Amino acid sequence: MNEDTEEKLYVLPVFPLRRSVLFPMIAGPFAAGRKVSIEALEAAASSEDKTLITATQKDASIDSPDADDLHRFATRGVVRRLARSEETLEVIIEGLERVRIQSVDWEDDRLIAHAIPAPVVMEPGPESEALKREVVSLIREFQVLLPQLGQLDVDEFLHRLRDPMHLVYLLGALLELDFEKSQRLLDASEQNQAMKLLLEYMRSEYEILKLRREIAGEAESEAGREQRNYMLRQQLKAIQKELGETQGGETATQELRERLEQAEVPDAVREEAERELGRLEGIPPASPEHGVIRNRLELILELPWIRRTEDNLDLARARQVLDDDHYDLAEIKERILEQLAVLRLNPEAKAPILCFVGPPGVGKTSLGQSIARALGREFERFSLGGLRDEAELRGHRRTYVGAMPGRIIQAMRRAGSANPLLMLDEIDKLGQDFRGDPASALLEILDPAQNYEFRDNYLDLPFDLSRVLFITTANTLETVPGPLLDRMEVLHLSGYSDEEKLEIARRYILERQRIQAGLTKDQFRVPEETILRVIRHYTREAGVRELERRIGRLARKIALRIAEERKIPDTIAPELLRELLGRERFRPEEARKEMPPGVATGLAWTPTGGEVLYVEAILLPEEGKLTLTGQLGDVMKESAQAAQNWVLSHAARLKISHPRAGLHIHVPAGAIPKDGPSAGVTMATAIASVYSDRPVRGGTAMTGEITLSGLVLPVGGVKEKILAARRTGLRRVILPRGNEKDLDDLPESVREEMEVMLADRIDDVLRMAIPELLPEGESAPPAESSEQEPRAGQAASAPSVPRQHGDSKNADSPGTQLSRR
Amino acid sequence: MEHELIRLTRRLMLSRRDRLLPSCWLPPADLYRTPDGWLLKLEMAGVAPDTIAVQVCGRSITIRGERRDGLRIQGHTCYSMEIAYCAFKRTLELPIDLDRATVNSEYDLGMLVVTITPEVRQP
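So the sequences go chain by chain: A and B.
Taking the working numbering, the leading residue of the first sequence gets 1, the next gets one more, and so forth.
Taking the working numbering, the leading residue of the second sequence gets 1001, the next gets one more, and so forth.
Keep in mind that the hints were calculated from the coordinates and are not lab data.
Predicted model only: the values in this text are computed from it and were never measured.
One should not assume that every hint holds.
Stated by the list, open to error - Subject to a maximum C-alpha distance of 35 Å in a straight line, what follows is the list of computed DSBU-like cross-link-like pairs (lysine-lysine): (1) A/LYS593 x A/LYS567; (2) A/LYS8 x B/LYS1089; (3) B/LYS1041 x A/LYS196; (4) B/LYS1041 x A/LYS132; (5) A/LYS181 x B/LYS1041; (6) A/LYS181 x A/LYS35; (7) A/LYS637 x A/LYS429; (8) A/LYS8 x A/LYS132; (9) A/LYS58 x A/LYS132; (10) A/LYS8 x A/LYS196; (11) A/LYS429 x A/LYS741; (12) A/LYS181 x A/LYS58.
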């Protein structure tokens, strides 16, 4: 458009454009495939000045356009480059000037146009200047969003573009306007009109661009990070490969797959594992998800779904193993042998769920171990003590970070067989709070009717626990929830007597501690008297833990002497104990020497054994008042009231002088809370003694619950109580007749040593405990016990007195308890 | 063939930047310092000498011209094209005042050689 010559008429081939517009002064690449286009380009390329006319079609779908199908305003251009490939010509055409097509005709295959130059009318002036500035300011805004524009120095650029239309067309091309808009821009025949149009397009493009940026910005930051991580991971992989550390994800999943193929698992589990493996392969090893899936897969592969150990059903051998490991405990051993016999007859029998209850140190846990050994089963144990979270048992859901399977599944994984012996210790010390109730989770686990489909939250597959032999242990049943207790077969292990402890020490502890200390048999000879002295003067416990520690200490002292090359005694005589173990820790509790009227000796049960306790009563000057002290629980208070009222209602018979006097009962030690009904007879005796002003016979302890009609009901913990009485030096014990059967639990030696008297009624107790209070043979309500009081010594076959008072119901409740601090 | 196609397309694709300023063909130029003054060479093969015009103004020298395709055979078709056929204008700045210099140009072997001899020697 340099020279403004007179009206020129161009006769040039037409290159019809389908969806684009070539602007003057702008170069653009085009591809030609149509016959008409190729003809036009070839004609142009063969001409001297290589020019042609590009005209945009009104309808892009037309293949051979006629005059009416082309826009009238078009561009004369020059072919700058041309290259040919198979079917198409690729060209770069540079626009030269705006033309108006006057006519278009077909000549053979060629479209020839007659066109005249149609320069845009320039309108220099304030309006065009304003428009130009507006365009420039918009460009600057674009520059922020479009990096490819950012490098452009706008001022320099504008300076070089003398022709304002050059700017318009350039921006039109840069904005990549659609071809209809572009054509409208080309149609504009006045500068300001074109500028306005451009501004409009720029604004709308700007809005679109901004929106796109916002959308892309959100998506990009996410995708960008993913992309980056992926790149880094690929590089890491390459580095690892280079370093020969090729234990990448693939080999790991490969290995898992091989293991799965070999694993013995049920079909449903295999399916699930396959599914997980599939997912695992699709996840890069560095992703946290990868670890989660892999851990679960490993758990699935390691769990004993089918694998079982063969039970050793040799009864003689089992008996031998049990006897080797534990002294006595006949009842429990019998129960285990029964189970063996059942398994022999019916291999598919459901395993029982046993609960061993007894004081600490009596060998509950080690008994479990030797049962496992006798049966030839894997042994696993864990403690429930202080467990508060149900998820500890049943696992966490895998959605949580650091989720793990529950203890049960973990124990099964360790055991490696589907029928291990699983020992759940301290079931009585399960916690319970807002975080959950593990005891309720145990209900499912310990129910043979449900646990064949135990579902751990983490594993999330049903696992069969019905072959597992569960054994739980507890010190007391008080805190075990009823429904849980109901599912278990309770076996009691009571505390040991001194003789039993001696036997245990002789058979097991001495040997164990000797070997532990590395001593020979000759170096560590401990006679029985010494052991007994340790038992009596250095320990006080129901079990044998402390005893074992003491003997261990003894062995170490000897070892020390040998190491120091000092002389060691041939045998450890009792006299040497003071030197070796220090001064005696416990003096045998001595029964009170002074028994003024109003003091009676009772027996209490604690989770750690029996205790002797005294009930003291005095009369008060005020009338009718009853004061109870000594941290007594409600049951014990009621029992005291019942005792007082019974005594007062028999005041005449008991020759009571001041029946109206008030009464204070105290049970030391005052700081230890006590509760339970089993001190009933002791209270009654103390009250009768204080009202009648006759002292209770010395050396006599008693236990039993009373009723207002004067009956004596059986209580629990009899063995521990009698052992406690014996330890204290009391030789006479009054028991409810309902407890007669419990005497079988006592070792022979104890039975011989202790004088046990059985009572049906309070009258019997009083007659035994307070001499001369009631005449022999006289019984208060004549109807029932017509027999005269037997001095039933060593459980001699007592006369058949009706025993209707529910002995079985109460026998398991421990009666009076002390909570130890 | 596939590769060839891609290569061609690549070569032909103009970068966006190229489209910003249509770089009309600029003939390459060499400039030499001679004992007498300056020697300017421009490669302009195929440019008809009668279209070339040299014009000086102050320190700048402008060479205009137009290359048209004069070598054509009847009935040929173009297979590929890289040579630019169009009008051109090349302006160079020299550190001397050209208005006070003698400027001679001759066209030889497709090259335009311009000798510039200043009247007064410039430092």
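Here is how each hint holds up against the structure:
Among the hinted pairs, A/LYS593 with A/LYS567 is inconsistent with the structure: their alpha-carbon atoms are about 44 Å apart, more than 35 Å. At roughly 23 Å between alpha-carbon atoms, A/LYS8 and B/LYS1089 fall within 35 Å of each other, so this suggested pair holds. A hinted pair counts as satisfied when its Cα atoms are at most 35 Å apart, and B/LYS1041 with A/LYS196 does not qualify at roughly 46 Å. A threshold of 35 Å between alpha carbons decides the hint, and for B/LYS1041 with A/LYS132 the separation of about 40 Å lies outside it, so the pair is violated.
For the hint linking A/LYS181 to B/LYS1041, the alpha-carbon distance of about 46 Å lies beyond 35 Å, and the restraint is violated. A threshold of 35 Å between alpha carbons decides the hint, and for A/LYS181 with A/LYS35 the separation of about 27 Å falls inside it, so the pair holds. Simply put, A/LYS637 and A/LYS429 have alpha-carbon atoms about 27 Å apart, close enough for the 35 Å limit, and the pair holds. Annotation: proposed proximity of A/LYS8 to A/LYS132 holds, straight-line Cα distance about 30 Å (limit 35 Å).
The suggested pairing of A/LYS58 with A/LYS132 holds, with an alpha-carbon distance near 30 Å, which does not exceed 35 Å. For the hint linking A/LYS8 to A/LYS196, the alpha-carbon distance of about 29 Å falls within 35 Å, and the restraint holds. As the CA atoms of A/LYS429 and A/LYS741 are separated by approximately 30 Å, the hinted pair is consistent with the 35 Å bound. Straight-line distance between C-alpha atoms of A/LYS181 and A/LYS58 comes to about 12 Å, which keeps the hinted pair within the 35 Å bound.
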